[in-house]
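S.K.: Put the two chains together into one complex; each comes in its own frame, and the hints tell you how they fit.
Chains as they are written, first to last, in our numbering: chain A, 1480 to 1766; chain B, 572 to 842.
What the hints contain is simulated information worked out from the structure, not anything from laboratory work. Watch out, some of these pointers could steer you wrong.
What the hints assert, rightly or not - Simulated pairs of lysine to aspartate or glutamate, EDC-like, Cα-Cα distance not exceeding 20 Å:
| id | chain 1 | residue 1 | chain 2 | residue 2 |
| --- | --- | --- | --- | --- |
| 1 | A | K1572 | A | D1671 |
| 2 | A | K1752 | A | E1696 |
| 3 | A | K1572 | B | E581 |
| 4 | B | K751 | A | D1541 |
| 5 | A | K1616 | B | D745 |
| 6 | A | K1572 | A | D1541 |
| 7 | B | K740 | A | D1671 |
| 8 | A | K1618 | B | D745 |
| 9 | B | K738 | A | D1529 |
| 10 | A | K1694 | A | E1666 |
| 11 | A | K1728 | A | E1755 |
| 12 | A | K1729 | A | D1715 |
| 13 | B | K751 | A | E1586 |
| 14 | B | K738 | A | D1671 |
| 15 | B | K738 | A | E1672 |
| 16 | B | K740 | A | E1672 |
| 17 | A | K1633 | A | D1688 |
| 18 | B | K592 | B | E581 |
| 19 | A | K1530 | B | D677 |
Said to hold, decoys possible - Restraint ranges, calculated between C-beta atoms of paired labels, are given here:
| id | chain 1 | residue 1 | chain 2 | residue 2 | range |
| --- | --- | --- | --- | --- | --- |
| 20 | B | M734 | A | G1675 | 24 to 30 Å |
| 21 | A | P1748 | B | S579 | 55 to 61 Å |
| 22 | A | T1531 | B | R591 | 54 to 60 Å |
| 23 | B | L834 | A | D1678 | 36 to 42 Å |
Note that CB positions come from ideal geometry on N, CA and C, so glycine has one too.
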Amino acid sequence: MTDFNFVRENEKKNGDRNDSLRSPHFAGKGEKAENNVHVRLENVSLTYHDKTAETLALNSLDFDVCRGELLGIVGPSGCGKTTVLSIISSIIKPSEGSVLIDGINAEERRNVCGYMLQRDELFPWLTISQNVLLGAKVKHMKGRKDYAYALLDKYGLGDFKNRYPQQLSGGMRQRVALIRTLATSPEILLLDEPFGALDFQTRLRVVEDVHAIIKSEKKTAVFVTHDISEAISMCDRIVILSARPATVKKILDLSAIKELAPLERRESPLFQKYFEDIWKNLQNKKD
Amino acid sequence: MKNTLNCSPEHKKYLGKLKRKHIAVSAMRWGLLVLIIAVWELLARIGAIDSFITSCPSRIWETFISLCEDGSLFTHAGVTLYETVVSFLLATVFGTLIAIGLWWCDTLRNVLEPHLVVLNALPKIALGPIIIIWVGAGTGAIIVMALMISLIITVLSTLNGFMEVDKGKLTLMDTMNATKFQKLVYLVLPANVPTIISALKINVGLCWVGTIMGEYLVSRAGLGYLIIYGGQVFRLDLVMTSTVVLCVLAALMYACVALLEKLAYKKFGKA
Ligand SMILES: Nc1ncnc2c1ncn2[C@@H]1O[C@H](COP(=O)(O)OP(=O)(O)OP(=O)(O)O)[C@@H](O)[C@H]1O
Ligand SMILES: [Mg+2]
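So here's chain B without its partners, still in its complex pose (with noise of 0.2 Å):
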């Protein structure tokens, strides 16, 4: 980009050409969204269907200011934003301090990896009621649960890119007589700085599916809550509310993430 100015006319024309076709694209997926919220809310309107059981945008939107105004919004979503970021947190730290383990021992890793298998392939939420009566329900429960989701992935994955670091570089920290210690700090966690990104990404999905499912059980408030309250009260302006603030959140979230890839990668070339 830096020489478009001493760049050929043709390559000039190609970059337009780029440019509007990016230009197009984005103004076509906000149309689609502004599209569907307008056929959504006129349907509602003439009455084609029941916003009772569909809600409506505008309903949505009262629900949403009444919401704010009495800050039981910002309540609700801040608990399920603390036990996501929570659950994130520990996944990811958890997860890949347990892959360095099993990486550094392999004894451990060989007794321990067919176990683990077998509970990444276990539903998580049958565990729910056993969660329940060990840790409480509270919040606490609810970290854990997102907690079982998230961290046997973590572990299996990253634990799966150490494995394969190249041997031939493994060969090259031993002539120069480097420690195990240095081998995993100058070798194997750079190399695997996209595998424990795309680790991440997963995680901030996996935990919002953790978090819903613990506030489904136990919680007293989080949107998941409120998602479940209005369901059993019949208030669906309250669920398409919920809903719709969980989505810009879960989005929000996953944005900091790529952002973050973004910076790794600055920082460790194109690995």
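Pulled out of the complex, with its shape left as it was, chain A reads as follows (with noise of 0.2 Å):
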């Protein structure tokens, strides 16, 4: 407990590196900064437990994701990525620390996150189009089924409606779990590694489809991946976690390609120094 007020207060010492921590795009505009954090998280901890151990996952985390922002979050396998989007999403209560949405409590804004799991969990016994619409039964939201065939048809999905989940592919399987998460209109997406189970170029589709429809819907996000290239092609900034327990280790600023596309940024000669900066970031434990 004291280690982590001991960091807490030390940060609160370093108030202006603490600030250009938080919304680097908006640093020392003081109040219109404030405005624009959608998400914040102040000093969150967690520990797991259960019957045999207690596990510590999060080691006091402090960052901010923008409005209209999309955030990636790298780090090495098992370090805690899937918690944070947990506790961003209230499934899960931090032990220390608050998640603040649009400046109040995360668990009173649960029903703006639309949250896509490692896993696609799509029903057996429901047809594609019952899944896709599962979001939006369960919330009581009425005609959405418009737009959710519409994502379907967009995603080369509109003639498998009336199929079951065990009758499609890996990646056709994510793509329904995707438009499931959208097709309830989230302001806030919060993506656990969504395109784990595609093949190459679909994903690089994929990337750029969902990389436009962020930005065109003007949706924050926050996505979570162990691609460092995916990360670098999408990302707005790119927070780079520790092994667990995972602290902010860097956070990786990419405003000077953020105008780029996806494919684009790829062929920029930026690419490979943010690469290689994450890589270093995520090879030595210590430095």
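M.R.: If you want it as structure tokens, here you go:
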């Protein structure tokens, strides 16, 4: 406990460093930066308890996600990336610290989050169209059908509406899961390695599409991946987490290539530089 | 099956072979039944077995006809069928409801589970005298008897299915902010259609056991009563006829559940 407090105190003293960590786009503009924060993690720690052990997964995380920003999270396997998303969506409560959405307790804003899990979790007894509309049904949202069907058509699943998930390939299932998340039009998208089961071609295309959707609909998104080049090709900023217990190792600002589309970014000279930066940070445990 | 018209000759051959095999198997099934009946009848006719002790197919048939003519067969079969169907429905409905309650409330489940397991291990016939004293010697006692036998196993197996619902899918419901009731309706129940159906299948058998056992203990009517009565007055024809009718009724009820299973799988896909 005292350790956390100590770190916290230290950060408070070191005020300006903290500020630049939080909102780099608007550093120095004070109030405006505050208004633009959509999700804020304050000193979030989490310990898992079970019968055999307690596991400290997150160790006082502090970062912001700005409105309309696509924030990437990279880190070694098992470091706590999924846990971060579960905390933002209020599925689990932080052991310490708090999460604020629009400046209020995240738990009261649960409804604005759309969370796409690492596994597709499609229900085998529902057809594709019923699966896609499940979220809308649970949230009592009317008239989402046309939008969901349009998305299915757009992603080449139009002919599979009445099939069952077992009849689809892994990549198709993952697209269905993404559409299920989008179908309720959440303000904040939480994506947990959403492209894991896609082949490279589809992956490039879906990355392009998802990037376009998030940007055109002005959604805020937190995007977890283990693929460094994917993170660089999509995100506005990238949070690099250390091995468990996760701490923020570095926040990389990609505003220099912000205007480029994912495929164009891969050709940018800066791409390699960012890649090496992240790679180095993921390699050495202590620096 | 839709495209048998435009399939290759080899595939046609394969399908033909499959069909012939199917026909052969069902011919042998019925053949075996006919053979048993014929041998039984023959042995009785030539006096190799005493048909007073073993009865024989022709005498069973005569008894069946005479029971039909005076209408008593319908009364007795009706009584037993009624008791079985009622206890079957009660066991299924209450079993599932209790399982839902225990799934809903963790504390209740943790408290009650060991008690249920012990109750399940108890041979229910031992409760016969208690049931008769509490409920009275009548149809009620028979239904309670059948319920005791099938209810607890229904609760335990259904609850087991409920608890085994995939954790990831429950998390998915959490991400959608689903209430506990929504989790139940959209996830837990549909995921357990196979569990519930297999509980139904077991229940059909158990309820027959329960009603016949109950009738042995208390009744004035029913197939179980006919069997006991026939045994006491040494009318083996009556015992055998009642047993055959019982067999046919149980098979019919099982067929109904199998049909239900088919419908459910059609509705819920290959869950
Ligand atoms: N329910 C749980 N109970 C106990 N420990 C858990 C639980 N869930 C996760 N953990 C532990 O917390 C740590 C972080 O898990 P998390 O799933 O967040 O990692 P991750 O970064 O998403 O990993 P991956 O990249 O493999 O998906 C892991 O070391 C894991 O062992
Ligand atoms: Mg994960």
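S.K.: For every hint, state whether the structure bears it out.
M.R.: Hint-by-hint comparison with the structure:
At most 20 Å may separate the alpha-carbon atoms for a hinted pair to count; K1572 (chain A) and D1671 (chain A) meet this at roughly 18 Å. The straight-line distance between the Cα atoms of K1752 (chain A) and E1696 (chain A) is roughly 30 Å, outside the 20 Å bound, and the hint therefore fails. At most 20 Å may separate the alpha-carbon atoms for a hinted pair to count; K1572 (chain A) and E581 (chain B) exceed this at roughly 62 Å. Note on K751 (chain B) and D1541 (chain A): the hinted pairing is violated, with a Cα-Cα distance of about 32 Å set against a maximum of 20 Å.
Among the hinted pairs, K1616 (chain A) with D745 (chain B) is consistent with the structure: their alpha-carbon atoms are about 14 Å apart, no more than 20 Å. As the CA atoms of K1572 (chain A) and D1541 (chain A) are separated by approximately 16 Å, the hinted pair is consistent with the 20 Å bound. For the hint pairing K740 (chain B) with D1671 (chain A), the CA-to-CA distance comes to about 15 Å; that is within 20 Å, so the pair holds. For the proposed pair K1618 (chain A) and D745 (chain B), the alpha carbon gap of about 11 Å is at most 20 Å, so the pair holds.
Using a Cα cut-off of 20 Å, the hinted pair K738 (chain B) and D1529 (chain A) holds, with the two alpha carbons roughly 15 Å apart. Of the supplied pair hints, the one linking K1694 (chain A) and E1666 (chain A) holds, its CA atoms being roughly 12 Å apart against a limit of 20 Å. For the suggested pair K1728 (chain A) and E1755 (chain A), the alpha carbons sit about 15 Å apart, so the restraint of at most 20 Å is met. Distance check on the hinted pair: K1729 (chain A) and D1715 (chain A) sit about 14 Å apart at the alpha-carbon level, within 20 Å; holds.
Distance restraint check for K751 (chain B) and E1586 (chain A): the Cα-Cα separation of roughly 17 Å lies within the 20 Å cut-off, and the hinted pair is therefore satisfied. Proximity of K738 (chain B) to D1671 (chain A) is assessed by CA-CA distance (about 17 Å); at most 20 Å being required, the pair is judged to hold. For the proposed pair K738 (chain B) and E1672 (chain A), the alpha carbon gap of about 19 Å is at most 20 Å, so the pair holds. Of the supplied pair hints, the one linking K740 (chain B) and E1672 (chain A) holds, its CA atoms being roughly 17 Å apart against a limit of 20 Å.
The hinted pair formed by K1633 (chain A) and D1688 (chain A) meets the criterion: a straight-line CA distance of about 10 Å does not exceed 20 Å. Proposed proximity of K592 (chain B) and E581 (chain B) is supported: the alpha carbons are some 17 Å apart, at most 20 Å. Proposed proximity of K1530 (chain A) and D677 (chain B) is supported: the alpha carbons are some 17 Å apart, at most 20 Å. As the Cβ distance of M734 (chain B) to G1675 (chain A) is approximately 29 Å, the hint placing it in 24 to 30 Å holds.
For P1748 (chain A) paired with S579 (chain B), a C-beta distance near 58 Å keeps the hint of 55 to 61 Å intact. A hinted range of 54 to 60 Å for the beta carbons of T1531 (chain A) and R591 (chain B) is consistent with their spacing of about 59 Å. A beta carbon spacing of about 39 Å between L834 (chain B) and D1678 (chain A) agrees with the range 36 to 42 Å that was offered as a hint.
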